[in-house]
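A.B. asks: Chains as they are written, first to last, in UniProt numbering: chain C, 1 to 153; chain X, 1 to 347; chain V, 1 to 560.
Bear in mind the hints are in silico, worked out from the structure with no lab data behind them. Just to be clear, a hint being listed does not mean it is correct.
[Said to hold, decoys possible] Below are the DSBU-like pairs computed for lysine-lysine, each with C-alpha atoms no more than 30 Å apart in a straight line:
(1) X:Lys53 <-> X:Lys85
(2) X:Lys155 <-> X:Lys85
(3) X:Lys325 <-> X:Lys85
(4) V:Lys61 <-> V:Lys515
(5) C:Lys6 <-> V:Lys370
(6) X:Lys155 <-> X:Lys51
(7) C:Lys41 <-> C:Lys110
(8) V:Lys491 <-> C:Lys127
(9) V:Lys359 <-> V:Lys370
(10) X:Lys85 <-> X:Lys51
(11) C:Lys13 <-> X:Lys155
(12) X:Lys53 <-> C:Lys6
(13) C:Lys110 <-> C:Lys121
(14) V:Lys370 <-> C:Lys13
(15) V:Lys491 <-> V:Lys61
(16) V:Lys396 <-> V:Lys359
(17) C:Lys41 <-> C:Lys121
(18) C:Lys127 <-> C:Lys117
(19) V:Lys359 <-> V:Lys105
(20) C:Lys41 <-> C:Lys117
(21) V:Lys370 <-> X:Lys51
(22) X:Lys51 <-> C:Lys6
(23) X:Lys53 <-> V:Lys370
(24) V:Lys370 <-> V:Lys105
(25) C:Lys41 <-> C:Lys127
(26) C:Lys41 <-> C:Lys13
(27) X:Lys85 <-> C:Lys110
(28) V:Lys515 <-> V:Lys491
(29) C:Lys6 <-> X:Lys325
(30) C:Lys13 <-> V:Lys61
(31) X:Lys325 <-> C:Lys13
[Claimed, not checked] Here's a subset of chain X near chain V, in silico, CB distances under 8 Å, partners left out:
(32) Pro240
(33) Arg308
(34) Val311
(35) Val314
(36) Asp317
(37) Gly343
None of these values were measured; they are calculated from a predicted model. From the three backbone atoms N, C-alpha and C, an ideal C-beta is built for every residue, glycine too.
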Amino acid sequence: MIGILKSMATTMKHALDGETFTVEYPDVAPEVSPRFRGVHKWSQERCIWCRQCENVCPNNTIQIVMDEQRNGEQYNLHIGQCIYCRLCEEVCPTDAILLTQNFEFTADTKDEFAYDKEQLKNVPWYKDIDPLESREPDRGAWIGEGDGEVDYQ
Amino acid sequence: MQSAPLPETLANLLRLDPNSTVVMIVTSLIGAALIGTLMMTNTALAGPWAKRKITAAFTDRIAVDRIGPYGLFIIVADAVRLLSKELIVPEGVDRPAWDLAPLVIASTALLGFAVIPMGNGIQLADPEVGLAYVFATASMASVGLVMAGYASNNKYSFLGGLRAVAQNLAYEIPLILTGASVVIFAGSLQMSEIVAAQQQSLIGPLPSWYAFVNPFAFVLFMIANLAEVGRNPFDIPEAPTEIVAGYQTEYSSVYFVLIYLGEFIHIFLGGAIIATIFLGGPAGPVLPGIVWFLIKIWGVFLFTQWARSAVPRVRIDQLIEIGWKGMLVLSLANLLLTAVIVGVTVQ
Amino acid sequence: MSLEKPSRDTALDVGVTEDGLDYDALADLLGGHVLDREQHVNAEGFVIRPDEVQEVLSTLKEEAGFDHCSCVTAQEYDDRYESIYHLRKYNDPTQELSIIVPSPKDDPHNESAARVYDTADWHEREAYDLVGIDYDDHPDLRRILLPETWQGHPLSQDYNQDQPQIVSLREHANPLDEDKRSEDDPDTMFVNIGPHHPATHGVLHVETVLDGEQIADIEPDIGYLHRCEEQMCQQGTYRHQIMPYPDRWDYISAGILNEWAYARAAEDLADIEVPEYAQVIRTMSAEMCRIASHELALATFALDVFGDFTAVFQYGIRDREIVQNLLEDLTGQRLMFNYLRLGGVAWDLPEPREEYFEKIRDFLDDLPHKLEEIHDLVTGNEIFQMRCVDTGVLSKDQVKQYGATGPVARGSGVDYDLRRDDPYGYYDELDWNVVTEEGGDNFSRVLVRLREVEESARIIEQCVDLLEQWPEDDREIQANVPRTLRPEPDKEIYRSVEGAKGELGIYIRSDGTDKPARFKIRSPCFSNLQTLPEMSQGEYIPDMIASLGSLDIVLGEVDR
């Protein structure tokens with residue numbers, strides 16, 4: 001009986017202190033940590049069409065089309081299929097593809113999530129956070145070449 | 001406090017002859033409609049709004065607050081939403097029973113309010129067997145539950161229906177026995193008499209409400225009442241995590257609303273019984289009787305929600321065991337003891 | 001002192017010496033049964049004849065003390081099929097032995113081990129289902145993950161992916177036909193609990209035969225969430241592409257623990273040394289995941305027992321939220337972390353470091369108070385005790401027979417924790433305890449989880465202390481790893497870590513390319529779920545639901 005009363009006292013304490021831990025989204029935006037991985041943003045100026053991101057993507061989310069002279073024509077990314085692993089950002093030598101903190105995106109059909117070049121360029125920054133600054137990618141460590149044979153993919 | 005039943009008051013108010021049968025029938029219907037509306041309003045407030053707010057308070061959340069002041073208009077939104085949904089009739093349901101069950105559940109509870117004195121003369125009838133009548137109507141709901149469970153042609157519902165019967169049998173008896181101990185005190189089954197008997201002072205300003213006179217019976221009654229209305233720790237007939245809402249699994253749209261409302265009216269009826277026989281009915285200082293009465297039944301409602309937030313559900317065999325081996329024995333002991341004490345003091 | 005294993009007299013077991021296993025002695029024990037011996041990275045493998053499986057395994061179990069059949073891996077080579085039984089011991093999991101059973105290509109079958117180890121039942125069914133090896137003398141060789149009507153075995157070499165599959169729904173089959181499944185007692189009722197049911201924690205289908213409210217017969221039916229995780233890993237490169245997937249096995253916040261299972265196996269396979277600093281970060285973040293996972297396990301268990309949407313669930317979620325925020329700051333994601341890398345971690349701690357440490361410390365300071373509250377609310381409640389004590393009882397022997405691990409095993413008094421028994425990361429340098437409870441019932445399992453949260457908090461605290469004092473010029477988070485990893489061909493490894501639910505093991509066979517030739521996941525939930533019939537036979541439905549909750553399964557990991 002004591003235990004039951006204790007349980008009831010515990011919940012009543014919570015009811016009376018009036019504290020809440022949920023927020024009223026979207027009036028109150030939840031705090032997103034600077035490292036958070038959201039929708040991609042792509043920059044045509046920076047991209048050198050090396051196709052490393054396309055290569056590394058674990059589930060073929062990125063599709064790049066080039067002409068015979070290896071000039072880039074299309075850069076498509078299906079943000080509904082993406083698993084937000086950030087490997088594309090990690091391999092990109094020029095920071096042309098970044099994952100912003102933007103997590104708010106909706107669409108009526110799946111097809112609308114297949115973003116092309118222009119849509120990817122226009123993805124807004126989230127609260128003007130520059131993801132690169134907050135993440136400080138340690139590239140020196142990341143693209144080490146190991147002791148074995150050098151492999152440039 | 002003693003006043004004429006509501007129909008007579010209404011007849012007098014409308015300047016009609018209280019001795020004419022036709023007038024009495026019409027005023028009774030008006031009175032019933034008034035009381036019904038009052039209780040339905042309470043239920044509407046409790047179901048879609050208060051329950052959410054209370055649960056949210058216990059669980060550190062905010063809950064409905066976007067539509068209207070304090071989110072109150074959610075009641076309208078929910079009503080429209082629920083009523084406009086498609087009524088799905090599953091294959092193979094036992095048709096008349098399946099349709100009647102929600103009506104039985106919702107209406108039986110409303111019937112009980114006919115004899116409850118709510119203060120300010122709001123009482124539809126005051127028969128001499130008032131308490132017996134209330135218990136009879138309150139337990140009628142289990143008929144509805146069994147109908148729903150059996151007619152749904154669903155195994156979960158079937159189990160829920162069986163559980164409902166087993167539970168109501170096990171807890172109806174302690175409930176009524178504990179109620180009977182109050183009758184011994186008051187010396188009458190008539191609701192107004194029971195209320196009147198609680199008006200004297202016990203010690204100083206403390207009135208002789210039976211909750212103060214016999215707290216043991218009060219606690220017993222509260223517990224048995226939780227089982228009667230099927231709330232934690234005794235929400236076994238529903239048990240969403242075990243038998244997927246039990247008897248109401250197959251109900252949707254309007255029928256669901258009826259069952260849902262029926263449950264809440266039951267909680268309020270339970271609260272009304274407790275308020276009447278243990279908490280002095282509509283008695284209370286300063287505020288008018290009806291307000292006190294509402295405060296008391298909402299208090300009982302709050303208590304059921306509180307228990308729901310903190311007490312686990314018992315298992316069906318444990319429930320039966322508690323009912324037959326614990327509650328029944330205790331309530332019999334309580335009855336005997338009360339009889340002896342009353343017998344001795346009266347002499 | 002705390003990390004010392006309670007000693008059991010294992011000296012009697014054959015092959016046990018001061019410095020590890022003596023495989024020659026084991027080979028002598030088996031005598032002529034051993035056709036060949038292979039070297040795997042984790043242990044030696046004995047090749048035996050396909051019709052001597054039961055004999056060999058029972059000899060090893062009885063006389064050499066191999067009481068834990070942790071995994072059964074099946075695979076197809078160009079010239080043969082092969083089943084590998086990964087054996088180890090509950091009281092010392094570093095003593096490992098692989099029993100390799102080859103079977104012919106044209107008619108792959110070998111003797112079943114299910115008569116020796118109960119856990120082999122499901123594992124062999126899975127091998128039959130995905131690879132296509134027939135196990136003779138198996139009690140119930142049916143498909144387990146795929147629908148019964150599936151054509152072909154997806155991990156076999158000649159499987160045609162484009163072949164159309166017909167999966168019948170049998171929606172208009174008369175449900176009453178199956179009603180009386182138990183023939184001895186015609187008064188029983190057959191009920192499908194799940195795959196859509198509020199308390200099955202996902203898409204689990206439990207076929208139940210009820211006698212009144214009591215359970216006469218019960219059989220979990222899994223596979224609704226099968227996502228070909230093993231095959232997806234076989235199609236990814238070691239270096240990058242596999243790591244995001246472990247997050248998705250046990251997807252309720254145990255991500256880093258899962259990633260570590262893959263990282264450990266692959267690092268040992270490719271001989272990668274992980275810098276110490278990275279190990280400390282790994283240990284810390286993994287324990288955060290454990291706390292988050294246990295909090296959710298407790299919350300959902302309470303939900304099953306309390307019913308409806310009650311306070312305990314919300315309080316559990318609220319506490320888990322704080323850990324998730326910490327993990328989000330560290331890894332950039334709340335559930336699918338993808339934080340570990342082969343040879344280290346992706347990022348150092350977020351700057352400013354002091355602020356982050358402060359956050360962790362605040363969380364750790366609040367934790368005892370919050371656990372106290374949970375004890376008040378849950379474990380101290382008499383009705384909760386009434387519901388959980390002595391229900392869903394699992395004995396020590398059953399635990400070992402079924403290969404149950406993690407809090408389920410420790411709740412039955414089986415002192416088995418890979419963090420201590422097969423140390424990895426930074427665990428052996430830290431001061432913490434392995435929690436066990438003797439009860440074996442639902443209540444013990446809940447207590448184990450709650451106390452493990454305290455132990456994890458201790459580990460995190462020590463890690464924070466270490467990280468704070470770590471010299472700035474020695475913060476190496478990543479070893480030098482080749483950009484493309486190509487482990488030598490035909491290296492085989494089975495490595496496991498202590499996941500949130502138990503022993504999470506990975507078997508990898510390399511074939512010289514940058515992708516694994518066979519990637520097998522030993523999921524703790526898969527083995528733990530097998531004990532459900534043992535726990536709930538003869539009990540009431542509510543107890544079965546509670547037992548299921550206390551097993552804390554994640555269907556993503558069961559079905560993979």
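A.B. asks: Against this structure, judge whether each hint is valid.
C.D. replies: Tested hints:
{"no.": "1", "hint": "X:Lys53 <-> X:Lys85", "in the structure": "holds (24 Å)"}
{"no.": "2", "hint": "X:Lys155 <-> X:Lys85", "in the structure": "holds (24 Å)"}
{"no.": "3", "hint": "X:Lys325 <-> X:Lys85", "in the structure": "violated (45 Å)"}
{"no.": "4", "hint": "V:Lys61 <-> V:Lys515", "in the structure": "violated (35 Å)"}
{"no.": "5", "hint": "C:Lys6 <-> V:Lys370", "in the structure": "holds (14 Å)"}
{"no.": "6", "hint": "X:Lys155 <-> X:Lys51", "in the structure": "holds (29 Å)"}
{"no.": "7", "hint": "C:Lys41 <-> C:Lys110", "in the structure": "holds (19 Å)"}
{"no.": "8", "hint": "V:Lys491 <-> C:Lys127", "in the structure": "violated (49 Å)"}
{"no.": "9", "hint": "V:Lys359 <-> V:Lys370", "in the structure": "holds (16 Å)"}
{"no.": "10", "hint": "X:Lys85 <-> X:Lys51", "in the structure": "holds (22 Å)"}
{"no.": "11", "hint": "C:Lys13 <-> X:Lys155", "in the structure": "violated (40 Å)"}
{"no.": "12", "hint": "X:Lys53 <-> C:Lys6", "in the structure": "holds (22 Å)"}
{"no.": "13", "hint": "C:Lys110 <-> C:Lys121", "in the structure": "holds (20 Å)"}
{"no.": "14", "hint": "V:Lys370 <-> C:Lys13", "in the structure": "holds (13 Å)"}
{"no.": "15", "hint": "V:Lys491 <-> V:Lys61", "in the structure": "holds (26 Å)"}
{"no.": "16", "hint": "V:Lys396 <-> V:Lys359", "in the structure": "violated (40 Å)"}
{"no.": "17", "hint": "C:Lys41 <-> C:Lys121", "in the structure": "holds (6 Å)"}
{"no.": "18", "hint": "C:Lys127 <-> C:Lys117", "in the structure": "holds (22 Å)"}
{"no.": "19", "hint": "V:Lys359 <-> V:Lys105", "in the structure": "violated (58 Å)"}
{"no.": "20", "hint": "C:Lys41 <-> C:Lys117", "in the structure": "holds (9 Å)"}
{"no.": "21", "hint": "V:Lys370 <-> X:Lys51", "in the structure": "holds (26 Å)"}
{"no.": "22", "hint": "X:Lys51 <-> C:Lys6", "in the structure": "holds (22 Å)"}
{"no.": "23", "hint": "X:Lys53 <-> V:Lys370", "in the structure": "holds (24 Å)"}
{"no.": "24", "hint": "V:Lys370 <-> V:Lys105", "in the structure": "violated (58 Å)"}
{"no.": "25", "hint": "C:Lys41 <-> C:Lys127", "in the structure": "holds (14 Å)"}
{"no.": "26", "hint": "C:Lys41 <-> C:Lys13", "in the structure": "violated (47 Å)"}
{"no.": "27", "hint": "X:Lys85 <-> C:Lys110", "in the structure": "holds (27 Å)"}
{"no.": "28", "hint": "V:Lys515 <-> V:Lys491", "in the structure": "holds (13 Å)"}
{"no.": "29", "hint": "C:Lys6 <-> X:Lys325", "in the structure": "holds (25 Å)"}
{"no.": "30", "hint": "C:Lys13 <-> V:Lys61", "in the structure": "violated (55 Å)"}
{"no.": "31", "hint": "X:Lys325 <-> C:Lys13", "in the structure": "violated (33 Å)"}
{"no.": "32", "hint": "Pro240", "in the structure": "holds (5 Å)"}
{"no.": "33", "hint": "Arg308", "in the structure": "holds (7 Å)"}
{"no.": "34", "hint": "Val311", "in the structure": "holds (6 Å)"}
{"no.": "35", "hint": "Val314", "in the structure": "holds (6 Å)"}
{"no.": "36", "hint": "Asp317", "in the structure": "holds (6 Å)"}
{"no.": "37", "hint": "Gly343", "in the structure": "violated (36 Å)"}
This entry does not satisfy hints 3, 4, 8, 11, 16, 19, 24, 26, 30, 31 and 37, going by the numbered hints stated previously.
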